[in-house]
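Peer 1: Sequence:
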Amino acid sequence: MDTPSFPNDRFTQTLLRAIELESLQIPYQQIFQVCAATNISPLHLWHSRLGHTSVGKLCPLISRGLLGSVPNESVHCVSCQSAKQPALSFSSSHSHSTAPFDLVHSDV
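Counting along the sequence shown from 1, when you hit position 68 you're at 54 in the working numbering, and nothing is skipped either side.
Be careful, since some hints might not be right.
Unchecked claim - Below, computed lysine to any residue pairings styled on SDA-like, alpha-carbon distance capped at 25 Å: (1) K43 <-> V61; (2) K43 <-> Q71; (3) K70 <-> G51.
Simulated from the structure, these hints should not be mistaken for lab results.
Make a model of the complete structure from these sequences and hints.
Peer 2: Right, dumping it as structure tokens:
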């Protein structure tokens, strides 16, 4: 198994080491956790970064330390609330056809 590294550090000349698994390069877990734990990001920022995922799905990532230090807070996402709104229904139509192609709907 090949372990490519990305040079940058003055002493070890390594910024990140990765394992190549079926043409995917996966960083070593220890380095991945160190990189993830360097910044404190609010929970709503991770919610947005990860595609507006639920807090329930973020909790296992937080407990494993994969998202770094995340303060415990609630997420009030306007985009998610707007997306859950029911769509307006179409108005009732009073026209009915009696034979095929009597009534044709088209988008112009």
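Peer 1: Hint by hint, say whether it matches the structure.
Peer 2: Outcome of the hint check:
no.: 1; hint: K43 <-> V61; in the structure: holds, 13 Å
no.: 2; hint: K43 <-> Q71; in the structure: holds, 22 Å
no.: 3; hint: K70 <-> G51; in the structure: violated, 30 Å
Violated hints amount to a single one, hint 3; each of the other numbered hints is respected by the structure.
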